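So the protein lines, in turn, are chains A and B. Okay, so the first sequence: first residue is 1 according to this note's numbering, each after it adds one. Okay, so the second sequence: first residue is 1001 according to this note's numbering, each after it adds one.
Read the hints as simulated data drawn from the structure, not as lab findings. Quantities reported herein were computed from a predicted structural model and do not represent experimental measurements. Keep in mind that the hints are not guaranteed to be accurate.
Simulated pairs of lysine-lysine, BS3-like, Cα-Cα distance not exceeding 27 Å [stated by the list, open to error]:
id : chain 1 : residue 1 : chain 2 : residue 2
1  : B       : Lys1049   : B       : Lys1138
2  : A       : Lys68     : A       : Lys102
3  : A       : Lys91     : B       : Lys1138
4  : A       : Lys68     : B       : Lys1138
5  : B       : Lys1015   : A       : Lys68
6  : B       : Lys1049   : A       : Lys91
7  : A       : Lys200    : A       : Lys184
8  : A       : Lys659    : A       : Lys309
9  : A       : Lys482    : A       : Lys434
10 : A       : Lys360    : A       : Lys184
11 : A       : Lys332    : A       : Lys267
12 : A       : Lys102    : A       : Lys351
13 : A       : Lys375    : A       : Lys351
14 : B       : Lys1015   : A       : Lys91
15 : A       : Lys760    : A       : Lys659
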Amino acid sequence: MKKISMSFRRKLILAAALPASAFVGLACLVSITNEFYNFRRENTAQLSAIMGVVGENSAAALVFEDPKDAAATLAALHTIPSVFSAGLYNKQGALFASYERKAGANPPPRQAPPTGSHLDHGALVLVRDVELNGERVGSISIRSDQSELYTRILRFLLLTVVALAIPASIAIAFYSRVLRVLVKPIFNLTGTARLVSLTKTYSIRADAGPDDEIGELIVAFNEMLGEIEIREQQLGRHRDHLEEVVGERTAELRTAKEKAEEAARLKSEFLANMSHEIRTPMNGIIGMTDLALSITSDQELREYLSAVKISADSLLVVINDILDFSKIEAGKMELEQAVVDVRTMVADALKTVALRANEKNLELTADIQPGMPAKVIGDPARLRQVLLNLLGNAIKFTGQGDVSLEVSIADAESCPAHLLFTVVDTGIGVPAAKLTSIFQPFEQADGSTTRRFGGTGLGLSISTKLVQLMDGEIGAESDPGKGSRFWFSLPVDVLEPAMAPPARLLEGVRVLIADDNAKSRTILSAIVKRLGATVETVSSGEDAICGIRNTPFDLLLVDAQMPGADGFAVARYARRLPHPPEIVMMLSAAELHADAGECRRLGVRQYVVKPVNEIELANALDRAFHGFEQEILTAAPAPQPKVRALTVLLAEDNAVNQKLATRLLQKMGHQVTLAANGEEAVRAHLTAAFDVILMDVQMPEMNGFEATARIREREKITGEHLPIIALTAHAIQGDSERCLDAGMDDYLSKPLDSRALAGKLESVALRLPAIAAR
Amino acid sequence: MEYQVKAAFLFNFLKFVDWPAAAGDAPWVIGILGRDPFAGVLEDTVRGKMVNGRRVEVRRYARPADVKDCNILFIGHADFERLGMPAQPGLLTVGEAPGFLKSGGMINFYLEDNRVHFEIRPEVAHAAGLRLSSQLLKLGRTL
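For reference, chain B alone in the conformation it holds in the complex (with noise of 0.2 Å):
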């Protein structure tokens, strides 16, 4: 359950995001670094859907050197401390463990009340090129 609202979420976030242009019809890319713990939810939730006119991929990547072409990066459990963080410009890195943030991350998840939130860094995701939309900065919780 929780999964499948963090899936939805994380496709929802291609929507709040204003990117930079991106190159003709390639879908976008949601990418999972390390561990998923998804176990094929993403896919289900994405599948056959259109964001501006593209389509939605999910890609794995086992270490931060494999990321390549991706919108999204999630790191799931605590990967990122293991792995390290990747930083590319136009890729949005989110989370779910805390201190993701402090490590350079953009947007966390975390539970409260049983239910998924988020906070955001909009500094960092600036930094990379991104601009979040005021709805999604209104929503989350800003550090």
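Chain A extracted, bound-state conformation (with noise of 0.2 Å):
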């Protein structure tokens, strides 16, 4: 309860005290004023009339210059007690005679102060002219003490004060015990309010008051009391209700948030194992038929093993699109950050879409415009996801003609930069009302579109959602029948800027390009100039043969496939020369077994894969004009197993999978045991030595985490360090940093690919301590 600061009492009394006491107070000092000016006003009179007499009876002594008589005038003064001095002064102003009650005490100034009345340290001041027949000839001042006025000032104060405390005094007392009666029903009420409010027992009742307005007001106030009492019972009843209500309805929520939690909960986990359900198969089903095709010759076998493995990679694209919409659907998709190539990723990105293009006798071209950085942090494989998608879908639309891709940066100097990648094609093209609309989710120009095309109709939507989840834009124009420009752009930090500019190894080096595709030929001619070379360019065999009939070139970077003489044909026509110019032969990946070994027989030595990469055309053309044998003409398909043999520990459940690596392994020559979950491994790792475990990461009983987790716990013991390879679905994002937090040292992801195994198990063998080999 809030305490009381003054009570009702005192505030009453204060209250009429109050105005009474500021009414008395101000009446005083309206008399006190008023004596104050009146004594002023009589005293400054008198003065002044004393001093018009003295300075009338001065004026002769002032004009006739006879100061003793003027002080014998003044001296007169000594009658009025309360002149301290007077001072009689010329026309000019100075003191002529002066006049002092006691001698030193308050001389007279020595200058004439101005005339008129002030007041000097609570002395009153006069001084007025002495005038003789109208004419001023000097001035009188006179100093008077106040004393007199100030006395009679506190006296007045002292009876005032005297005169108002006995009445005031006699009046509280009075007031006090008066209000003490009227106060008494205020306290009995407010006693039983308090009473009320603490004990929450709305049935007592205050005691009846005086016949008045208080009385009133306890009246009032019972009847209030009564009235809460009937609503306090009334609305008891109702919270008792309500709390069973609110009880139920509570337990419902829960159970029902309960169930939806599960179900979110169900979903994502449903999710994360279809994802590694179907994968699995499906890896298994791609990498078998790899292997029988590579093992096998038979010309029918491997058209039925392709068209498996076409079937395969295209179901596996359709899954993946799939489970990747849901994951972005359900917000599950998450970023990694990580190092970028932009050069490699392009690189890799066409070599995968290169033979397709092929397939349809398109022209593939890649123009990476000057200035990209060497390495930029982004998401490599969401990125790499949307340039494929672009890619592939140019490819699927695009009959004949030619498909380029162009990437470039703008504000590379700036943090971030912005990276943008231009897909541009020559097929059907997107009506412009279908231009944005294309972007959504299963959508594609019409209906008839999936069915002459295939496709989910998801990947672009895919593309969108992955693009705005980078914080980057992607968009598209198209020209229906003429073909369409598909775009993206990235913001991205960049982590390398740009390499320097190629060394310019083939400074004053003539050089001859024939290509058929226009846009083929100006990239390659920018490239080959970067270089230093002098460059010409025909877009026909029947040219290149002229151009080197005629003029001297050093060098000759030949299409293989032009209409008409093709590229061979010109490597042929070349030989013949008295002053052959070395060749360097652009292959398309389609025909690249075949057509390499016409290269060998023609005596071309070297070759580049088209669409070109800048840095292998660099090399290429280098190599052949500084005469080096290029060694990949000699390589089959499968790499020799140049590694000494390792023992390996295959830890996979899946027996399709188990088989693959194995007989991957084999081929290579290293020795295989096998382990078919974590469990396993880890007792295989007590009984037996091995080189390096492939660990699957998601394996029933124990997993390859709790797997690698036991064995570094063991090897704490023995001080040894077995090198662990994980094995993961490549789709799960953040698997790799949890590969190496779980204590692996490397990761491989499925499908397993044998060039990146051998270069991992390449580079165990390498590490290990040559006494350990066997």
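Take the two lone chains and join them into the complex the hints point to.
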């Protein structure tokens, strides 16, 4: 309860006493002021009159310059006790004669003060002119004591206080007694109210009060208590009921919420499981088909297997699309922040789609603008996915002509810089009305598209979402029937700026470029010119032959596939020249194997695979001009096991994948021990010695992470460190970090790539101490 | 210096004498009988001054018979012995030589402690119809 700082009674007394005191005080102030001014006026008038007389009597002394006489006249002032001192001044204001009641106490000033009156240290100073026949002849000043005035005022004040204090104290005493009687019922009422609010007992009633306003207040208060008592009872009944209802509802809601959360959790789990469950057999199918293709030369079987491979690949694409899409829709897509080598990423993406472009006889070109940073920060997998999607679409919807990729960077110096990828095709195009809706899920330019071209129709919408997640923009322009231009741009942080421009390896070298595709010629010409060479381009084999016949060229960069005289025809002609130029052949991915052989036969020592990559092309041109043999010409599709044999423990639960990996490892000459799950792997590690463990991450009984943890735990005692390479499904984000965190040394993503596997094993073998070799 | 003071005194005497009623606003006349010792100082003193709304004029007389309409007549040196003492009703005579008062003059200057003082014979002035102010009497030595 709030503490009462001032009682009601005191307030009432103050309310009565304050204005009264104020009035009396004001009245006193007025009379004192009046008294003061009256006294001052009378005093001034009296002194002024005296000064008049004295002045007049001093006029003659002034004009006849008789200070002695003047002093005698002034001395008459001694009869007035209040005058301290007086001074007579001549016309020029110099002191002429003076009077002092007490010598030296208050001498008059040396110079005449201005006429009029003023106060000086509590004394009243009066100054007036002395005139003679209306002419000023000097002035007189009087300093007068005011102590009488102050004494009077003090006396007056004392009287007032005494006169006020007596009646005031009588009044307060009386008033206070009267009030006590008046306030008592209010005190009682307060007590009752406090009791009610403390005990919450609304049946208490206040005692009846006097027959006045306070009495009425008490009656009203009691009535109000009665009302509250009734309400309280009603409310109590309602509350009991309400509590029951709320309790029921809360229980229902909790159940519903738990169910919903469970459902959401189950959905995410299902999604993750599906991802793994679907990809594992798909990896088996694709891997095994690859394996089968690599060992058979039966043409018919190869055709069937290729068909299986193509179907499996497109099924995997569809599955990945659907899983990605549901992941994005569920808000579960997380981006990685990793180092991206743009050139390598683009080259890889191009290699992936080059075969398809070749099969459709489309010219695929790539132009990476100079100034491209060596390394940027981003999500390499998602970037590649979007780029592949745009390139794949372009190839899919282009019947003839070319598909070209241009990669450029804006604001390379700033942070973030903006990467721009543009894919231009000469395909069927997209009607203007459909240009925006194709970025929506389940939309293709028209319903028949899916039937004609296949695909889920999710690719672009996934790309859109991914680009948006990466804070970028995606868009398209199209000329239906003529082609489309799809682009996306991303803000990226530059980690390593652009590489220094390639050394001018071909300074002064004369190069002839023969390619039937105009865009390709432009790109090639730009690259070769950057190397310092003088360049001429022709658009056919015939023109190339004509060119080398007439002009001596040092180097010939020829497209193998051209209508009419192809690259090989040009090479054959060139061989017969007296000074044959060095030749670099540009081969398409599809015919690589056969064409490479043809190159060897014709003595063409260098080739590059289209679409041409700047670095590879520069290397090939350099090697050709400086006379090195290309090693790959002799290399078979499957890499020769150059590493020494290792003992490998393979922990993998899926039978097909077990077989696939085992075959791959055996082909490389390694010795394989199998473990079907983590537990078996740990046990195998106890009983036998291995050079390396390949550990699947997702396994029943005990997963790869746990198995690795157990093994590492044991190694703490032995002090050894066995290399463990994780095998992960590529789709699961952040797995690479988790693998390294779990104590694994490296990781490989599935489906297993035989070259990557060989590379990892080779580096393991290199790190093994020489003594361990068996 | 001495005559500057004397000129001022002469002028101030105008104010301390109760003159018989004068005609209109004719100027006050301060006359010099015989030789003039002021060398123009008297004119400088009264120039531009007014007493009771009337200007002040300085005149010079060679003989007592010439004196007319004059209020204050100054007789320098001991010229009263040579020229005789004029006496007219309403004429205040002022001199500066010992024996001036004895010879019938009204006010006489003398030097004491290097200061100019004056002595007065009020009854002579009274006989000429002039009443001298009590203040003047108080300041001057009365014979």
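Quick rundown of the hints versus the structure:
no., hint, result
1, B:Lys1049 to B:Lys1138, "25 Å, holds"
2, A:Lys68 to A:Lys102, "19 Å, holds"
3, A:Lys91 to B:Lys1138, "21 Å, holds"
4, A:Lys68 to B:Lys1138, "12 Å, holds"
5, B:Lys1015 to A:Lys68, "21 Å, holds"
6, B:Lys1049 to A:Lys91, "15 Å, holds"
7, A:Lys200 to A:Lys184, "24 Å, holds"
8, A:Lys659 to A:Lys309, "18 Å, holds"
9, A:Lys482 to A:Lys434, "16 Å, holds"
10, A:Lys360 to A:Lys184, "110 Å, violated"
11, A:Lys332 to A:Lys267, "11 Å, holds"
12, A:Lys102 to A:Lys351, "126 Å, violated"
13, A:Lys375 to A:Lys351, "20 Å, holds"
14, B:Lys1015 to A:Lys91, "17 Å, holds"
15, A:Lys760 to A:Lys659, "19 Å, holds"
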